[in-house]
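Asks: Residue-level listing of the chains:
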Amino acid sequence: MILNLKYIVLNNFRCHRALKVSFSEKVNVLTGRNASGKTNILEAIFFLSTTKSHRTSVTKELINKDSKNFYIKGEAVKNGSSLILEIGCSLGGKKAIKLNHQKIRARRDIVGQMPVVFFSPEDLYMVKENPSFRRKFLDILISQIDHRYLLNLQKYQKIIIERNRALSQVRERVLDIKMLDVWDEQVIGAGMEIIRRRQDIVSKLNRICLVIHREMTGGNEEISLEYSPSAGTEDSYRKKLEEKKRQEIEQGITTTGPHRDDVYIFFNGMNLRQFGSQGQQRTVALSMKLGELELMKEEFNEYPIILFDDVMSELDDERREYFLEILSGKRGDNGPIQSFITTTGLKPFESIKNNINIIKVEKIAPCFNQRDTTEHAV
Amino acid sequence: MAGYSRALQELISALNKLPGIGPKTAQRLAFYILKSSKEDAVGLSDSIVRARERLKYCSVCGSITEKDPCDYCQSPGRDKSVICVVELPQDIFVIEKTRGFKGVYHVLMGALSPLDGVGPDDLKIKQLLERIKKGGVKEIIVATNPNVEGEATAMYLSRLIHPLNIKVTRLAHGIPMGGDLEYADEVTLAMALEGRTEI
Ligand SMILES: [Zn+2]
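Chains as they are written, first to last, in this note's numbering: chain A, 1 to 378; chain B, 1001 to 1199.
No lab work stands behind these hints: they were computed from the structure. As the structure is a prediction and not an experimental result, all values here were calculated from the model. Be a bit skeptical, because a hint or two may be false.
As the list claims (entries may be wrong) - With the Cβ distance kept under 8 Å, some of the chain B side facing chain A (calculated, not the full set): (1) G1110; (2) S1113; (3) V1148.
Claimed, not checked - Some but not every residue of chain B turned toward chain A, in silico, with C-beta under 8 Å: (4) P1114; (5) G1119; (6) M1155; (7) P1163; (8) I1166.
Unchecked claim - DSBU-like cross-link-like pairs, simulated, lysine-lysine; straight-line CA separation at most 35 Å: (9) K158(A) - K1126(B); (10) K1097(B) - K158(A); (11) K65(A) - K98(A); (12) K1067(B) - K1138(B); (13) K244(A) - K1126(B); (14) K95(A) - K1097(B); (15) K244(A) - K1124(B); (16) K103(A) - K360(A); (17) K155(A) - K1138(B); (18) K155(A) - K1017(B); (19) K1024(B) - K65(A); (20) K1102(B) - K155(A); (21) K1067(B) - K1126(B); (22) K1167(B) - K245(A); (23) K1097(B) - K103(A); (24) K158(A) - K1138(B); (25) K60(A) - K1017(B); (26) K1017(B) - K158(A); (27) K1024(B) - K178(A); (28) K1024(B) - K68(A); (29) K1017(B) - K1138(B); (30) K1097(B) - K98(A); (31) K20(A) - K330(A); (32) K1124(B) - K245(A); (33) K103(A) - K1017(B); (34) K52(A) - K6(A); (35) K1035(B) - K95(A); (36) K1035(B) - K103(A); (37) K68(A) - K1017(B); (38) K155(A) - K1024(B); (39) K240(A) - K1097(B); (40) K1126(B) - K239(A).
Ideal Cβ placement from N, Cα and C applies to all residues, glycine included.
Next comes chain A alone, as it looks inside the complex:
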């Protein structure tokens, strides 16, 4: 195993006032009742890796209700040397990030250091809900494998804010409409780079997911993924901005670009969002996450850390075994993958029970003082 997380320390992160958990380098199973804070531990690992939560963008929800800030620390071993990650976050949303005791200035210096893939019940939104969930899926995936992408994404967001302000100023007649050209060119430069990278990743994902989904459904179902870009070339982008200019000046909003793009998911040739059953949508979400996992393996030459929140109970026997084989290293040429799985019972792990590290979460921290209600019911 080239990367593994040895322990994590949580201070005032959600229900955990003060907690240290040590992990094994194989399959870690976190058991405990609902609201015992199992999911919060996975969320903290994800946060340490991506500086984001998988389920909320509101910092306040992450901070224990009796505190004004939280702190997460984790130590991993990566290629034989120690990697210490620390994040502190205050109520105002200010983050302080340290990598091996050195303060770092930008998110991009930490994202990708400890790659993760998170399987959670929220994955279904990616298939069912609006395009923002699919864009988020792509952005988290690509950011972890490509620093430039994250940098460019942040740049693009800044350009959009500036351009939107410029649009309003043109409407208010304080800015010459010709000044928009400069911002259009910035948008096109950063926007096309995002579009091309997403197109490239989606086509790779498409190739991987097609095989995975066939395998999972015994060849009965076929999926394909297609990135739907707002523009294919710099010229068509420019043309589109030109066409929409009048309307955008009225609204003060940039309405075209990668921040509005979508990923189409086709299921046996049809649009899944409209035609798929709940069960089919669930399987597709799983295939896409497995695709993410395999893609990261292709990029890093090894599997990332895997987080599983309450997904095991949703799987039928066959698919559960499929997963457990991947995790315990029985499938493919890799060894066991360091993974973190929450569960209410140990029954699903019968087949690999000698190879798992069981962590009883209620013993280390009783958790009843949740500020929010996002902890999902069974």
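We have chain A; now place chain B with the ligand onto it with these hints.
Replies: Okay, now just chain B with the ligand, sitting in the frame of chain A:
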């Protein structure tokens, strides 16, 4: 701040007005100044007054100088045909440290940012065009920061100056993306000056 004497309150609130100094730091600085010797405190206040009285912006390039026009603009050893355009006067010191640049400067006093309400008329762009119109300028090096606002400003300048048949270049590589010129180290900046590209 209730309870502090008036003189102390005034000192704290004056320090608080400085960029990057919050109320807490302002308080700490104020107490530090009070604790220091009287000579040190008076010395600090004198140097502020002296700097404020003697230093001004160069009427040609906008750099900070004691005499007008500044040394860069007056020195015969400086190549007046190459103008390096920067956002702020302090950017000049960063480039000077590399010792690789022998042209003259032009300070814009900011960068285009609709968000901050900074348009072309708020920058010293008209003054730059006037300098160019006087003749003798062959190249404009745009050394605005490599962030969103700096890039937009560079593009705007390039579009404005290109029709005048003057070469416009941009500092190429070396400066960390999204970074500020002030933070770029001298070696990377020297490399950037070497490898500038035409825009
Ligand atoms: Zn001067």
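Asks: Please flag the earlier hints that this structure goes against, numbers listed from lowest up.
Replies: Of the numbered hints, 1, 7, 8, 27, 29, 39 do not hold.
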